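Participant: Here are the chains, one letter per residue:
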Amino acid sequence: MADFTMPSLGADMDAGTLVEWLVREGDTVHRGDPMAVVDTDKSAIEVESFDDGVVERFLVEPGARVAVGTTLASLAPLDDAPTKVPAARSPGAATTPAAGPPARHGHHRRPHTPRAAPPPLRHHAAELGVDLTTLAGSGPDGTVTRADVDRAARASAPSPLPLQRRAEPGAATRPRPRRASPYARRLAAELGVDLASVTEVGGDGAVHAAQVLGAASTAVAPVPPPPPAATSPARVEPPPKPRGTGASRTTIAALMSRAKREIPHYYVATTVDLGPLTEWLRRSNRERGVSERILPAAALLKATALTARDHPELNGFWVDRAFVPGDDVHLGVAVHVRGGALVAPAIHRTADLTLPEVMAALRDLVARARSGRLRRAELADPTLTVTDLGDQGVEEVIGVIYPPQVALLGIGRVVERPWAMDGLIGVRPTVRLTLSGDHRATDGAAGARFLNTLEERLQHPEAL
Amino acid sequence: MTSATVAVRETTYREAMRDALREALAEDERVFLMGEDVGRYGGCFAVSLGLLEEFGPERVRDTPLSESGFVGAGVGAAIAGMRPIVEIMTVNFSLLALDQILNNAATLQHMSGGQVHVPLVIRMTTGAGRQLAAQHSHSLEGWYAHIPGIKVLAPATLEDARGMLGPALEDPDPVLLFEHGTLYNASGPLAEDAGPVDIQRAVVRRQGRDLTLISYGGSLPKTLAAAETLAADGIEAEVVDLRVLRPLDDATFTESVRRTHRAVVVDEGWRSGSLSAEVSARITEQCFYDLDSPVLRVCSAEVPMPYARHLEEAALPQPEAIVAAARAVVG
Amino acid sequence: MTAKQTPKGTRAAAHRSDLLRQMTRIRVFEERCVELYSAGKIRGFLHVAVGEEAVAVGVMQALTADDAIVSTYREHGHALARGVPMDAVMAEMFGKATGCSRGRGGSMHLFDVDHRFYGGNAIVAGGLPLAIGLALADKMRARPAVTVCFFGDGAYAEGEFHECVNLAALWQLPVLFACENNLYAMGTALERAQAETDLALRAASYGLASWPVDGMDVLAVEKAARHAVDRIRGGGGPCFLELRTYRFRAHSMYDPERYRDKAEVARWRERDPIELLARQLTETGELATDAREAMAAELATEVEAAVTTAEEAPLEPVEDLTRFVLSEVGP
Amino acid sequence: MTITPEQAREMVARAVRRIVPDADVGSVPDRADLRRTFELDSLDFLSFVELLVKESGVRLDEDDYPDLATVAGCADLLARRSA
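Protein chains in written order, with the numbering used here: chain L, 1 to 464; chain D, 465 to 795; chain Z, 796 to 1126; chain R, 1127 to 1209.
Warning: the hint list may mix true and false statements.
Derived list of chain Z stretches under chain D, where covered just means 3 residues or more per stretch with a C-beta under 8 Å from a C-beta of chain D [said to hold, decoys possible]:
| hint | stretch |
| --- | --- |
| 1 | 811-824 |
| 2 | 905-916 |
| 3 | 976-985 |
Reference listing, derived: stretches of chain L covered by chain Z, where coverage requires no fewer than 3 residues with Cβ under 8 Å from a Cβ of chain Z [claimed, not checked]:
| hint | stretch |
| --- | --- |
| 4 | 6-12 |
| 5 | 424-436 |
It is worth saying that the hints were derived from the structure and are not from the lab. Fair warning: this is a prediction, and the values are worked out from it, not measured in the lab. The beta-carbon is built from N, C-alpha and C at its ideal position, and this holds for glycine as well.
With the sequences and hints as input, model every part of the structure.
Facilitator: If you want it as structure tokens, here you go:
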């Protein structure tokens, strides 16, 4: 005994409304006869019977909206006399609707699955670190209220600290986190630079790799971050300095402390006769116009670069407990920028440049360093740094290595000194050169060899 | 290593493509060329000049102006074992055949459960720059690169113009070849024995380390020009020629961006929903932790292409805009 | 020769009886589909051709195994008459992996390349370009095959129709355009869509042989189809049949049919193609009265078997989702 | 055409300001050592000499550097050399 069910009349239909019956109970119907009119939200459609039979009983009244597949009327087989009691549902008839919402199982409360707390309450609970599922709600029908959450937060707080403290330093109080590019964040992590200490920002107000590298080349991993209480809630952003003018005092402090803490420095020094160089420079400068004139500092840089090429073990980086040689010699030149900032940008491939080119590069680099127009690569790449404080009048510079480099050359002032040569005493212009070395990467002997080669090269200025 | 001097001749993009057509027609009798004015007229851009005389009207077929009809016919002929090359005069007219390309060419195999293959090549001229105004200046490669079931190529160099057609014809699935209108007259040296090229990979046309410029087709020359301008200013830009717009060769351009940490995508399509949007999304997905600045895009202004020269130039991506974007990302 | 049934005569009678059986088979199949759709077992769209069986069965008699067919979304009759296995068609409607399109095409995209049945097409007139392409390839390779392209009166309004009929006539392609004119394009009666409703007359204006045929008389359809196909195979160029028929059910399984009245449907039902042939065969004594019940019962069993097989058939594994987007080139 | 001490002093002031933009040149005593007052390192001093040469057209060699140490020294040397 088949049944007449709500048909699926369209791809997007899962329920329909019985508009009217086109037959009466007790009528005989044949396959294809229209039985009822159904409304499918778009239009009314006559629905036919797919079976022959006698309409026994209407199970759904006109106007009712039911899911596709719901039985609308029961049909008795043609030959049966209509029986009073509807026969048991025949197995063949489709009972469970193919689509449409599952029938309800009646109401009983399942313990402890709170009806989903509204988002604002969920957010508030999360902020206070309260687990909603552990709460018995005091609201109607067991719902959790805001008061419940606050009570729970207070209850589990160990000390009578204001609610604010107990929560993880709430986003509300922490100064807006400084914007940094993903690469900058990754570099900061790799080079141990605390982003919070990087005050330099790019043109777009965010920290980029250049600023992190700048900080790394002149700064040290920050001293363990000061206890939260120390940070004044509203940290006044330092006025944005021109880009690339080197790290601020805090970053320099951090860099130098890390260098001293992590790098076992050794120092070797020697005094070098600059007679041949100064004589050669004086003669050749006389033939040059004033803007092509070459200073001793440039000559010293060129000689150092050539020497670094001869001694690659001092031209590179100490990374992850191993020495990584530089791909070429890029001498970092420590530039004292007025106003206290310090930066050591690189002259790329210094050893390949002619002496006039080194001089031009030096002038250009220092000028740009002071006006904050250094390029990212220049800050990123020094493989060995030279600190020439001759102009500042000191005779000897015993410097701190810039991590992650493994050596530093300190150059003092050119000084007239008594000088013995071939048993005779004379007066010669001399300079004190000091090499600081990272004892993890090399030993004093390597530093000594470096200085000897440097001294030898300075005796043949025409070869620079 | 002294290589034997390779015989080289001066040629143009148009002649390179013509040689490719001639070679395809000569080597495989299943191949035939069909399109408006490809025969007696010698091709709207003179690419198929002389081929009718050489191969006859059966193999070089002029068609009535019935894009949907003859493109669909190309699909049908391909299903039945031919290797048609259908030329749609310009991408602008391909809109009339988009239904045949999308609902038939690209979809039949999947819909038929793998039974029906469509080894069809469709060539279209694309892009603006010749003051042909809005209806003749579209750059819609990005639309087609959106469709699963077809491959999309953009030959920008003489080698690619000469070498992409062969492998495209051997491909069992539909391949669309977009030839930018401004490239036909491009001339330069090409090896005498230049032959088939790869049609899967993008290629680095210029090494660089400060940022990656990604482009294709008609925009490549402008991108290379911008790279030279940047180099004079000490910024070394790496230039990646996509060559294949579907499937995109992510590996090549993401590898580059991981090195340079900065990317600018140059695309003559309109910015919104353009191919450059897809390239940028893939870079952000795959190189997020290597990005030192947002991926920028230099695209056409979102306007119907104006006729007036100064307006068209203002609407199109130009080297100056590429240089500016590059500076912005390098910071 | 006085024997009532000459050998030729008995063969003809058997053939007529087989036509009746084929039409009834389609009718039973589609009526069952309507039920299955109402029960939610078949989803999406379902377009049945109840009343148009004579067109499918009649035209198919003129074809050989080498001929090709392109159909529309009202294609169950064409597929079954062409020999696509009923199990495969039903499984396809159930979206099962054993469907003739692996369950991916559904009712509107039945494919069977072994029978050169190149699918239904859900885009009105979308199949016409494919058909002329198939014919173009066959002609270029000098294969004696004919391509039959089924389409409805609605296709007349599509640009592709005019492009393809002209192209076929211009290039003298071996195509039989079989226009199944059932007087309605979904909800639009023919006279509300076409200024000139004599479709055969219109087709003749394109320069190809064109006849109207009584689409409810399977013998008339067969005769016209054989005549047209022989003419095409003989190199007479494309032909056009306007098969005037009528669908007794709605456009698709969800159509309130407000565009026509019941009286019109009743009038056309009087010329139900199955009853028409059955009456003829009864009058000539070829058909015993109880033979139809036996035939109907046997066909119902075949359809039920197909339903059961389809219900038990496996679904395509989701992992295969991206298969056949592009061809699976050998390793 | 000889350079008057006044012109020379202006040249010096302009040159120093080019190198140290915020330098307070007006109040510098004649005898004050320019390099120490304005923290000019050897590169700065080279640029300073370069600017003086460009403005005055006078040839200044490295041997003249000691005379250029103070404003007065510069004025005398420029006047002498341009006489």
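Participant: Taking the hints in turn, state whether each one holds.
Facilitator: Outcome of the hint check:
1. Coverage of the stretch 811-824 of chain Z by chain D is violated [criterion: at least 3 residues with CB-CB distance below 8 Å; count 0].
2. Look at the stretch 905-916 of chain Z against chain D: 6 of its residues bring a Cβ nearer than 8 Å to a Cβ of that chain, three or more, so the hint holds.
3. Only residues whose beta carbon comes within less than 8 Å of a beta carbon in chain D count, and the stretch 976-985 of chain Z has 0; fewer than three means the coverage is violated.
4. Note: the stretch 6-12 of chain L has 5 residues with beta-carbon separation from chain Z under 8 Å; the three-residue rule is met and the coverage holds.
5. Here the stretch 424-436 of chain L counts 0 residues with a CB under 8 Å from a CB of chain Z, which misses the bar of 3, and the coverage is violated.
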